[in-house]
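Sequence order for the protein chains is G and X.
Going by the UniProt record's numbering, the first sequence opens with residue 1, and the numbers climb by one from there.
Going by the UniProt record's numbering, the second sequence opens with residue 1, and the numbers climb by one from there.
Wrong hints could be hidden among the right ones.
Chain copies aren't distinguished; within one or between two, either way the pair holds.
Claimed, not checked - Listed next, the in silico DMTMM-like pairs over lysine to aspartate or glutamate satisfying Cα-Cα at most 20 Å (straight line): (1) K73 <-> D86; (2) K336 <-> E18; (3) K336 <-> E132; (4) K245 <-> D188; (5) K73 <-> E18.
Keep in mind that the hints were calculated from the coordinates and are not lab data.
There are 2 protein chains.
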Amino acid sequence: MIIDCHGHFTTAPKALGEWRERQIRAFGEGVRVRPDELEITDGEIREAVGDGQLRLQNERGTDLTVFSPGAGKMAHHHGDERTSLDWSRVANDLIGRVCGLFPDRFAGVCQLPQSPGGALETSIRNSVEELERCVEDLGFVGCLLNPDPSDGFYQAPPLTDKVYYPLYEKMVELDVPAMIHVAMSRNDALQGTCAHYLAGDTAAFMQLCTSNLFEDFPELRLVIPHGGGAVPYHWGRYRGFMQDKGLPPLEEAVLGNVFFDTCVYHRRGLELLLDVVPAENVLFASEMIGAVRGVDPETGRNFDDVKFLLDGIDMTDVDREAVYGGNAQRVFSRLKSRGVAK
Amino acid sequence: MIIDCHGHFTTAPKALGEWRERQIRAFGEGVRVRPDELEITDGEIREAVGDGQLRLQNERGTDLTVFSPGAGKMAHHHGDERTSLDWSRVANDLIGRVCGLFPDRFAGVCQLPQSPGGALETSIRNSVEELERCVEDLGFVGCLLNPDPSDGFYQAPPLTDKVYYPLYEKMVELDVPAMIHVAMSRNDALQGTCAHYLAGDTAAFMQLCTSNLFEDFPELRLVIPHGGGAVPYHWGRYRGFMQDKGLPPLEEAVLGNVFFDTCVYHRRGLELLLDVVPAENVLFASEMIGAVRGVDPETGRNFDDVKFLLDGIDMTDVDREAVYGGNAQRVFSRLKSRGVAK
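For reference, chain G alone in the conformation it holds in the complex (with noise of 0.2 Å):
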């Protein structure tokens, strides 16, 4: 069963976007957008999707896509706690018909009400409830979690700070991981996609060694997308810092708890993951429909068809298993009461 970890709706119907808009400028005005103003129809559901992701699955081979809110679109820093709670309610239900109406191809990841600055805590209560209303009551078998709600400034403290402690017991009582993933940049300094993400990944991973988390957390599973951002690339450069600083070496301090996607459009790059991270420690994903979307004219293949990149590269039977979905079978273990689990 091949599952790709990393998938958002970035195709969701236009009205999702405008009510978003909408809930944006009316907090301006001091007045709130109720979510049930929304309406979307099954049929738009599944147009969106038809010609999206579902026709991709079927073209690329992929046989479930575990599945979020778009990233960016999270923008945590617009609003108050309110605001970002009705917008995770909304962006979440909606996630939860796509994998209502297409329960063998769609796992639900939410997205979490987070804040920045003198909200965070409140809003970390908030996403524990919400975690938790998506997981019992709609599903889902994860979530998003951003390490920069300011969106491009990098305001709040390191994941492991205490202040996250409510949503990680919660994480493990429900056992679900969280892919962390920042959302869009406001800073013109740092691009979104090609930026802010990378960096996002590769702070949370330091801040992650650097810690006793999973000393406190010992079942806590985390997924770092986009392959890691930088951190295999100069997987030297870790483990040299680990052992400079006295720390336990990274596959004892970390890698029984973090886990990487495979969210990078060359082959180069992936047989550089694939060489210098465990397999047991790889996702397969592709971020699609995602950041990059045309075709590369050096394989004739889109960028993000990750699968057709995989498939040429060397791996044991046993790592190629893990690597397309066992692995995913481990980390988001819902999807095996979910009955998607071979």
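Fit chain X to the known structure of chain G by using the hints.
Chain X in isolation, oriented as in the chain G frame:
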């Protein structure tokens, strides 16, 4: 001739750091510490590099190091423009003395008196003057340009902003490149050497990709250190992004002006760098003595003995000559007038 294009004076005599601490403390008390209050003898300088950089140059077979003040210690957020200017002069003068004592082994690169926030513009004007002083009076061959003088919060405009243009004009006039290098991080969420450094490299590359800077300055040369941050590992993402946006291919858009160093501390990372980036854009460097100081148990050699790692990688003779020194002589073109070119 083997040229390490990225070395910092991390082993500077203690008096330097003590002067800087007094300067920062004094600023808080509304007074200034004079640059001439720093006293360091030639003997102390000889000792500081003799058992450090010089010994390692000899052991590892490096002829010349392009040498700059400690990057983290630039810490541009402290004090005001004058603080940064005094500190830059002190730090650069010391580099000038190292180069004066060992002219065949070190060529100077200066730190710039940048400052964040409202002081940015004035600080860039000061940087123009300090660059001119260092190149014309001290014989330096380049400068370090910090894309984030806020030291970890990314509050400056992109490096392509017109505020930096007077500096680029002077660089072109003097025919010197800049290495784009952040300083310390004072942000708990962004560890310095393994997160902020790589995030800064990656962010800067993306700023360059999405601008017309090199149309305005076709002669400008910029080196992105630490193997280009996350960039070569995600080469496909960048190629795809440029194509999606209708921008020219990377080769055309930036590779006439942008170069990567080899500060990547494991063989697999270096292989990837050399596979995806044309050899003429890669400059040997080890960041020695720098971020990672220990011995890699997998090789029995220091993590930052990049020369040893590169020696073990297949390259044509032409590429090896370019990467080991030829490119550095082209990019840091003033090395030639210093008489160190072969």
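Hint by hint, here is what the structure shows:
| no. | hint | result |
| --- | --- | --- |
| 1 | K73 <-> D86 | within (14 Å within a copy, 45 Å between copies) |
| 2 | K336 <-> E18 | neither (36 Å within a copy, 60 Å between copies) |
| 3 | K336 <-> E132 | within (18 Å within a copy, 66 Å between copies) |
| 4 | K245 <-> D188 | between (34 Å within a copy, 17 Å between copies) |
| 5 | K73 <-> E18 | within (12 Å within a copy, 48 Å between copies) |
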